[in-house]
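> The lines below spell out each chain.
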Amino acid sequence: MSAFGRIQNLDRRIIFLTVAAAVILPLFFPFRLPVAVTAPVQQLYDVIEGLPAGSVVLISMDYDPSGAPELDPATLSIMRHCFSRDLRVFVMGLWATGVPLGMRALETVAVGEYHKQYGVHFVNFGYIPGGAIALVNLGADVHDVCREDVYGTPASEIPMMEDIKSAADFGLVISMSMGVPGSDQWIYYYHARYRGNLATAQTAIGAPKYYPYLQTGQLVGLIGGMKGAAEYERLVGNYGLATVGMDSQSSAHVLIILFVVLGNVIFWMEKRRKK
Amino acid sequence: MRLKIPLAIIFVMGIFSIVTHFIPAKPIADLNQTLRNWYIGIISFFIFLGTVNLARSNSEKIKTKARDWQYSIILIISLFVMLVAGFYKGHTSMEEGKPFMYLYFNVQYPLESTMYSLLAFFITSAAFRAFRARNKEAVLLLVAAVVVMLGRVPIGAAMWHGFPDVTEWIMSFPNAAAKRGIRLGIDLGLISMALRMILGIERSYMQ
Chain A
1 MSAFGRIQNL DRRIIFLTVA AAVILPLFFP FRLPVAVTAP VQQLYDVIEG
51 LPAGSVVLIS MDYDPSGAPE LDPATLSIMR HCFSRDLRVF VMGLWATGVP
101 LGMRALETVA VGEYHKQYGV HFVNFGYIPG GAIALVNLGA DVHDVCREDV
151 YGTPASEIPM MEDIKSAADF GLVISMSMGV PGSDQWIYYY HARYRGNLAT
201 AQTAIGAPKY YPYLQTGQLV GLIGGMKGAA EYERLVGNYG LATVGMDSQS
251 SAHVLIILFV VLGNVIFWME KRRKK
Chain B
276 MRLKIPLAII FVMGIFSIVT HFIPAKPIAD LNQTLRNWYI GIISFFIFLG
326 TVNLARSNSE KIKTKARDWQ YSIILIISLF VMLVAGFYKG HTSMEEGKPF
376 MYLYFNVQYP LESTMYSLLA FFITSAAFRA FRARNKEAVL LLVAAVVVML
426 GRVPIGAAMW HGFPDVTEWI MSFPNAAAKR GIRLGIDLGL ISMALRMILG
476 IERSYMQ
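In the order they appear, the protein sequences are chains A and B. Under the numbering used here, the first residue of the first sequence is numbered 1, with each subsequent residue one higher. Under the numbering used here, the first residue of the second sequence is numbered 276, with each subsequent residue one higher.
Chain B on its own, in the form it takes in the complex (with noise of 0.2 Å):
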């Protein structure tokens, strides 16, 4: 039985949310739109569910001074201030200058941005060490690469005025149909993933 209902739940919403594509008249549009909020609300839910998660890893984390536990201490107090910051005083603690505005834009966004810039370090390094003309494939994607890369910035045009009109032509032929074979390809595998779990035949989602 506990088996069966999850199995038949999932095949009856499945068919319904396929049936409702092909026809939307009163009714079953309008439950449609009822099971969709539902699912806003549920949605809605995880982000508390997550915030506990995080703070009950996190605490365990501490109490078993596992691997680097001094850092889910800052974890931990970051999440707590926040919180209180976004709380306090309800809607207008999202106006500007007050507590949770002053730290989103001068501890959360300059640490976000200075992660992500991170990459241009560690790109350049992996870039000068394993980026190498093996065979006459890597040739190709290197050429392609320094020609996009030139193509992207000012002085690429600066150096020869036809880089961005090539870049534009990677873009647009070679990388638009790479790009939109590997999208077809993941699309056909979402939707035979989709039929297999209607069907029953994928239950890994229930271990």
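Looking at chain A on its own, in the form it has when it is part of the complex (with noise of 0.2 Å):
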């Protein structure tokens, strides 16, 4: 076999193993590179702006542990931006294994770091069954989809539910998704009906999928992976994962382009040697 014979047939845990120091290192040895923020995600962060103080933010967890680390830093910073701005958070979620990510992220930000009063400021539905059907009951009478919270509490006896019926007394919904059901969702079933602002924060491999709809309008923004939380963060000022995991996306991506030069140019050499 020749030398570029060899290096095309490259042990694979040779592959495994340079991508896991450039996914590793850098998070012992970081290089800080500023994030530039796309419009996007700076179309969402303008829209929370403007929300008057008391303006009530949906956001759904219609994502599980595997989309944690990209979409975790986003639901905080999120979170933060609208405890910041005086909004009050109304969680629940399209997936039952994302009611625990959006208790945590309530207790850390809304108990933890804004000192906010559960049932007035910020209320915990957790998980709504029914996808799409769901999501049309909830416009129309959110009290009937949403009779008691996480806790076993009757939604009647939660004092911000006597300000929010319909999708109307929503400022905002912003579903965290990366399947389904999610965003899609969100799109057909609540949008198309209700209107209203309505944005997404995707996994990197789903963000593509909704560019479209930002050219609608039928989303008022998007936040893409972990480069969209770590702009999202850039923009609320408060640094954290997603900031620190820039770095290893940035060796991880260079490293690939990397193996897919080496490859092809193995290939072309290889081509050129048979000729």
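Derived from the structure by calculation, the hints contain no laboratory data. Values in this document were obtained by computation on a predicted structure and should not be read as measured data. Mixed in with the good hints, there may be bad ones.
[To be verified] When the alpha-carbon atoms are kept at most 25 Å apart in a straight line, the in silico DMTMM-like pairs for lysine to aspartate or glutamate are as follows:
1. Lys373(B) - Glu113(A)
2. Lys209(A) - Glu387(B)
3. Lys411(B) - Glu270(A)
4. Lys364(B) - Glu148(A)
5. Lys301(B) - Asp144(A)
6. Lys116(A) - Glu371(B)
7. Lys275(A) - Glu412(B)
8. Lys301(B) - Asp169(A)
9. Lys165(A) - Asp305(B)
10. Lys165(A) - Asp141(A)
11. Lys209(A) - Glu443(B)
Grab the two chains, each in its own frame, and use the hints to assemble them into the complex.
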């Protein structure tokens, strides 16, 4: 086998090791490059900035722990932004496995950092079954879908719920989403009927799908993956895990590009040699 | 009769759903709301059905010593432990520090995150072996991929300040145009499939 052939058939464990090094080393030796803010993230930030104090922001936890490294930083940053502007936060989720993520985020930001009061400044209704149909019902009558919160308290006994009756009472809806049910259902079944401001935060792999909806105005903002979350952290001025992760992501992307280039150089060399 | 009754139910419910979208009058809207609540109830029951099915199929695997049956034991034990932890003390099981939350954040969370992040390793290996500039279209895809990968990380902007802007342009125009076309195709397919089901032409779901 030629030298090129041997490189082409490189043991994949070597590739895995270099990827691991590219991800881990920057965590210990960060190069802290500045994160440029893109328009879709800036748009979402501006919408939240424009909401009057006391407005209700619905955050739908439509992801599970597999998407948490990308979406948790965005959730935390958005919550920080909302509470810093005295907005009220209504949390629910179309994924049962996303409920504890929402609870921990509220515990960290609402209680730990901003000392907000449950039931007055924020509320958590946990998992809402039914996907698309639940969203159709939610927009028409919130109390019909959210009858008791995640702790079993009836909605009628929660002070914040007195002002929330239907879709018109939400200043902004943000779907933190990584699949189905998620942003698709919010766009097709909720926004199509009830309008209002709708935004989404997506894993990097899912974000490209939502650009058409930004252009049509169906989405007022889009946070794509950890990079989007890092941009939001910069806007909010609270640098967290997404910003830290940017160095690892930078080196991993460069490594993948180098591997692709190397693979192509070998491919063309082999082709010429065979001719 | 066993064929005609389900077909009649699908026809009536399908037509009714379309009609309610155009006639939001009170009695029709209320009936629609009731039907939607039934749907949510049925969906909730599916969670129970899915759990029973998962337990049954994995018990069967253990019984017959099918391939990788050892993993089924771990699954059954995990399922049982999480169920008990979740039901234990009702709603308070969701409070920080309780067994359910402890297991969720110390077992499920790292396991799922790790599984998803393994993608990075396989993508790199696959890109090295398979991402080849064999023709003009592949070159175009390769160049777009490299630009987007650099434009989506800070190091790209440090190399050339134009990378993020070019990336946003690729996302907003060529990408959006392709996605829009795909979406329209999917939706037209969905509409035709829905019509086929309502009219009883498509019956494969009953098999």
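> Check each numbered hint from earlier against the structure, then list the numbers of those it violates in ascending order.
none
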